[in-house]
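**Q** Sequence:
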Amino acid sequence: MARKGYFSHQGSDGTMPSTRVSRAGVQWRGTAENIAKTSDVFQAESHFMNEPKFQHNHRGNILNPNYTHVGIGIVKAPDGYLYITQDFAELR
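In this text, residue positions in the sequence shown follow this note's numbering: the first is 2, and each later residue adds one.
Bear in mind the hints are in silico, worked out from the structure with no lab data behind them.
It is possible that some hints are incorrect.
Unchecked claim - Computed list of lysine-lysine pairs in DSS-like fashion (alpha-carbon distance at most 27 Å, straight line):
| # | residue 1 | residue 2 |
| --- | --- | --- |
| 1 | LYS77 | LYS5 |
| 2 | LYS38 | LYS77 |
| 3 | LYS38 | LYS54 |
| 4 | LYS38 | LYS5 |
Claimed, not checked - Listed next, with one range per pair, are the computed distances between beta-carbon atoms:
| # | residue 1 | residue 2 | range |
| --- | --- | --- | --- |
| 5 | GLN28 | GLY6 | 30 to 36 Å |
| 6 | GLY81 | SER23 | 29 to 35 Å |
| 7 | GLY26 | PRO53 | 32 to 38 Å |
| 8 | LYS5 | MET50 | 26 to 32 Å |
| 9 | PRO53 | ALA25 | 27 to 33 Å |
| 10 | GLN56 | MET17 | 19 to 25 Å |
Fair warning: this is a prediction, and the values are worked out from it, not measured in the lab.
Where a beta carbon is used, it is the ideal one built from N, C-alpha and C, also for glycine.
Start from the sequences and build out the full structure, keeping to the hints where you can.
**A** Here it is as structure tokens:
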């Protein structure tokens, strides 16, 4: 995303997060993704965690006890923004 200058759950190749998790070799029962484009990690954490509890949102993904595995990527783009991705999985 940072290299190509876009921001979306859908990859530039048209794939969705669940497909990318599968391609990484994870055999999952459930999966979710959080993404953020922000100036620092503290701002991203604030946006994620200041959402309503127990709903289908970023905070819900982080707190969901079924998601026992997470992959996190953080990249600084040429414009200075951080692109942050969290991919969550409930394994089979």
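**Q** Honestly, which of those hints from before does the structure not fit?
**A** none
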